Amino acid sequence: MPEYTLKVRRYQPETGEGPYWQEFKVELDPDLSVLDGLLKVRDEQDGSLVVRCSCRAAICGSCGTKINGQSTLACKTQLGDAQHGAGRRAQDGTAPIVVEPMGNMPVVKDLVTDMESTHWEKIRRVTPWLLPEGDPPEREYVVPPESMIDVTQSMACIQCGACVSACLSMEADPEFVGPAALAKAYRFVGDPRDGQTRERLYDLAQDPHGIYDCTHCFQCVDACPKGVAPMDQIMRLRRKAGHDQDIDDVNNGRRHETAFTKIIERKGTLDESLLLQESYAQGFVGKLMPTSGAIKGLLGSLPTAIRGLRTGKMRSLPKLIPGVHHKLPGDAQQHVKRAYEHAEEHREELNLYITGEEEIEPEADEAQEPLASAVGGGRQDMDKVTEGGSEAAGEAAPTPEADVEPEPDEEGDR
Amino acid sequence: MPKHDVLVIGAGLAGQRAALAAAQEGVAVGIVSKVHPVRSHSNAAQGGINAALQEGDSWESHAFDTVKGSDYLGDQDAIEIMCREAPDEILHLEHLGVTFHRNDEGRLGTRAFGGASQARTYYVADITGQAIMHVLYEQLMKYSGQISRYEEYFTTRLVLDGDGQCVGAVLRNVADGAMELFEAKNVILATGGNGQIWRPSTNALICTGDGIAMAYRAGAPLMDMEMIQYHPTTLAKKGFLITEGARGEGAHLLNAQGERFMERYAPNKMELASRDVVSRAEQTEINEGRGFDDGTVALDITVVPRKRIHEALREIVLVGRDFAGVDITREPIHIKPGNHYTMGGVKTDVHGATTVPGLYAAGEVACVSVHGGNRLGANSLLDTLIFGRRAGEHAAARAKQIDAARPSEAALRDSEREISELIGRSHDGGRRVSVLRRELGETMDRFVAVFRDEEGIQTALDRVKALQEELPRAYIDDRGTVFNQDVLGALELGFMLDQAEATCVAALHRTESRGAQYRTDFPERNDDEWLKHIDLTPSDDGTPEVSYSPVTG
Amino acid sequence: MADLKLAYWPGCVSRGFTPELHGSMALVADRLGIELVELDRANCCGAGVIAEHNTELADTLNARTFALAQSTGLAMMNICSTCQGAQSECQQRLDADSAYRAHINEALADEGLEYEKGKEGWTNKNFLWILVEEYGLDRLREQVTRPLGELRVGPFYGCYILRPKHRIGYEDHPDRDLYLERLIEALGATPVEYDGARKCCGFPVITMNRETSLRQRTRSTRTPTAWSRPARSAT
Ligand SMILES: Cc1cc2nc3c(=O)[nH]c(=O)nc-3n(C[C@H](O)[C@H](O)[C@H](O)COP(=O)(O)OP(=O)(O)OC[C@H]3O[C@@H](n4cnc5c(N)ncnc54)[C@H](O)[C@@H]3O)c2cc1C
Ligand code: SF4
Ligand code: SF4
Ligand code: FES
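Chains as they are written, first to last, in our numbering: chain A, 23 to 436; chain B, 207 to 759; chain C, -14 to 220.
Keep in mind that the hints were calculated from the coordinates and are not lab data. Note that the structure is predicted; figures quoted are calculated from it, not measured. For glycine and all other residues, C-beta sits at the position ideal for the given N, C-alpha and C. Wrong hints could be hidden among the right ones.
What follows is a set of in silico ranges between Cβ atoms, one per label pair, in the way DEER data are often shown [unchecked claim]: (1) Glu45/A to Ser632/B: 39 to 47 Å; (2) Thr116/A to Gly134/C: 21 to 29 Å; (3) Pro132/C to Glu379/A: 43 to 51 Å; (4) Arg152/C to Tyr42/A: 50 to 58 Å; (5) Asp180/C to Thr116/A: 42 to 50 Å.
Reference listing, derived: stretches of chain A covered by chain C, where coverage requires no fewer than 3 residues with Cβ under 8 Å from a Cβ of chain C [to be verified]: (6) 38 to 46; (7) 184 to 193.
With the sequences and hints as input, model every part of the structure.
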């Protein structure tokens, strides 16, 4: 059995001393978890080492910690992998596994943090219970089956706080409502049984620390052990607020997004000078009157732009003037427009949580079938366009290229 | 001193449901949990919850399956109540916001489960327990005006008054170690099961059966303690559960020779026979050398369509990947029977009332008994909710009729003394508490598991008694007050040893095979003599005293 | 010896606020013999902002860029962390479902374009990844004429090229979050370890919450550990 060194950031409040590092050695199989390692230390070496834990199986959400700097669950991180992660950056590959309490939260003792003030308070901030309109039906609410799968993604949240620990906006703005609470908010906004969709979205759009305070850093997506992808839920909230409900937010988020989208429609690529101006004050070019917030924002960002000029970051003054910008050649811009028309007409939102991802390899129960019949019907004809743009004949089997494997039958997948 | 009309101890499904039901009746409720409520073990329930709600199904059919599954040890009056009230409870949960799986018409959809004559299991992917519990917790937050939450408070003992009524409990605030006396007109125990007495177990580390032991110490009888369920599909090393939902979706069990061995044991129901039957079949295969080298057989989920796995068994794909390194969509996974559930517990009536006035119990801590000798899959969540609600309602009604009693401080002083003695104990006199805990687990898993006999059970009982004697000398390391988990571990071990003793005594006493109790020295079911429950109460010298109660028809 | 020939998407920013991005890359590519075919008809990646508005639109726009690249028969290269992330996100959706892909391709048909999943030899990689994975650091080291000996350089990656790991190829290339350090070393300089190397620059919220944004900027560049001498940040 290999031996692992766990370097634990400890804090024992009653000693009156600050946090310190302590190394423990444990012998365990590599497929056991860092939590198993900590519990072995607790059982055999030092019973005063504390870590919240219960299920050992990534279900209860107790054991959020940082392992080698990454916010995660101790019970879901295998020792072998953690050792690999620790050794990766060390020159000789023998660095200890570093275990710390979660970030963005006060530490109570050793690996135990105060989640009440940093996590639960924010969960309560989003009115976390269903508010249906009127009395319930006699039987169940009849709702689209996909909608229940959709919100089950946020329902899968075990409130472990790993995302909160990792969140970079939270680090800069402790008042940010945060990834877990906003994912929880989506659980109601996306639930067709809830009757307060607009009120919820309005509330979160009008909070300067709400849905438009997320910096899109993906930390929460990587940290989450349950595939909740909080950032994706936040982006859904933004789409629903800005587009579906037509809600303008205090942070100018929607203006920024609309301005951006419009510029690309007109120009194909981003004209940053136009963006700065448009996202603060569409009124300057468009027909709307700029809000006072917008004007303040624009003025506030001028120093950035001017500094950009002075340091040579922006090539020339014309860069600040809208309209002097790269143009797509020929009819390319028309085709971009065409893409816009098509996409704005349909607004299809492919939800990978519902559909799952198409497999490259054949399904087990199809593996035995001959290649040609496995890919016979269905939509493959549309996918197997041969190079050079000439269409392969309708029902023909694809060229047997080594890496083009048959698509699985995904009828009814969506 | 915090005062409540109803104090609920435990915040899993049973506790939260009880608290909400009591608050609905307008009384002042407190709910206590030694971990944050959403960490409670109910969140581990993957498979689902039963109810005869589908057209063509009936509560009678559900009840019949339950009685049969219980090997006729279940009390039929209680089973009737549970099955009759199940459909409304499911609808209630749906209305509160549980994201139950829908069929194509957008209505509630079901899956098949073992021992059931109909597909009547409602589910949320394979996070059913978690989904329901988080929705109930949403309601707790909503009603925080009526329900005070004491999160991370550990209950050390119940408090009785001079008349033998339960009037409160002693609690330790885990965050700072402060001990407090809580006054209550009624106490509802909802502290869950005791799987940690066995090692390995599918149960979480917190499942130490504290409430079973506390009630027993307070004089409430325990019932059916010999009935310990071994689940057929657990991972060899850590004991994690692969939900029965997998078999419900069509997965096969194979021995090392690739045979679908259930053909020999239950040719009709195959993999969906009752859990005791499937576990024994697997153990027989393993014992007779047809298992794999690691003492397992295989569960083959690859026969379930990939899309269906993605939709309905997402969680166990993760369990397979993260904890066994197996992609269950591509290869079979090794499993074996493992400790899972305690059918027994604190004896209650159909309102959750124990024989101690003012003391209720609901959920896995209790024994109504709806599960008898064997619990059907997806009947436990139902048990927690139905009897949690009933206990909450009944306790609230009782609270309205009685005056507040004043618990004496003596119990508090006793607990404080006990803990300070423990913290001050020297390291020379004995072994570490954690060492004793491990020994208990391994002993019970070896001798009081799928197959039992007198010699083995007696061996276990002797060791348990030896550990009980050793416990007052066993030591801990942490001498602090803040988040001292060492202290809690020692208290839990004390609780577990009492229950282990009760289980051994009952298992030894029942000289027949029924449900989860299979005696190799008494392999037959003996209805003439044993169609009755074994009740246990502490005698004066502390050992369990046996009496019987009839199975109600 | 132009053994690497790639379809090149310069991105919007290199044509605007950060022209040095394109300029320096072009000089280096030329020295290394990497031949680039600029996709001048291609469009903005949406930077995650368009996806916030309408995911189908973001997917369509990037499918168009991918299809333009695929029509050259070459693999594709970008030089911007954000392009890499935003494009990978869309590619994940496009590759996940053939019906969806067909639907998106409808919008491109007029232009005679089609995005093909898993097209042989087609990938979309950032210049950094190209340098490490395709060109090779050993070969790069040989090209160094004046090692950057004294220079201490703090790497700064940008969120989109680091996360989420499952989407941007960390399964096959687990060390992508160490490439800058390795590159800095290969050039003879010393990488500086500091807390902010893999944090956020704050830009995505600059127009929404200035304070949050700027505080992130400071946190990313401030260093409790290792800036003892002046250092430059490398993107
Ligand atoms: C892996 C697994 C899967 C399962 N799947 C299913 C399924 O699919 N369907 C089904 O019907 N059943 C299933 N079960 C069984 C079911 O989950 C449990 O029986 C049920 O959830 C028990 O709920 P409970 O409310 O009684 O207790 P728990 O949820 O265990 O809650 C106990 C509570 O008591 C508290 N507590 C305990 N001791 C103390 C103390 N000393 N002081 C203060 N608080 C204390 C705890 O903190 C916790 O809040 C499964 C069980 C397991 C282990
Ligand atoms: S993406 Fe947004 S919510 Fe998620 S960690 Fe980053 S800033 Fe926080
Ligand atoms: S979203 Fe994920 S990381 Fe965040 S609290 Fe929930 S489960 Fe944990
Ligand atoms: S112990 Fe439950 S999530 Fe880790």
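Between Glu45/A and Ser632/B, does the beta-carbon spacing fit 39 to 47 Å?
Between Glu45/A and Ser632/B, where Cβ atoms are some 27 Å apart, the hint is violated.
Examine the segment 38 to 46 of chain A for residues whose CB is less than 8 Å from any CB of chain C, and state whether their number is three or more.
violated (count 0)
Asp180/C and Thr116/A, beta-carbon distance inside 42 to 50 Å?
Violated - the Cβ-Cβ distance for Asp180/C and Thr116/A, about 23 Å, lies outside 42 to 50 Å.
Is 50 to 58 Å a correct range for the gap between the Cβ atoms of Arg152/C and Tyr42/A?
Hint violated: Cβ distance 38 Å, outside 50 to 58 Å.
Holds or violated: 43 to 51 Å for the Cβ distance of Pro132/C and Glu379/A?
This hint holds: roughly 45 Å between Cβ atoms.
Taking the Cβ atom of Thr116/A and the Cβ atom of Gly134/C, is their distance within the range 21 to 29 Å?
Once the Cβ atoms are compared, 28 Å apart, the range 21 to 29 Å for Gly134/C and Thr116/A holds.
Under a C-beta cut-off of less than 8 Å, do 3 or more residues of the segment 184 to 193 of chain A approach chain C closely enough to confirm the stated coverage?
holds (count 3)
Consistency note: the structure conflicts with the earlier hints numbered 1, 4, 5 and 6.
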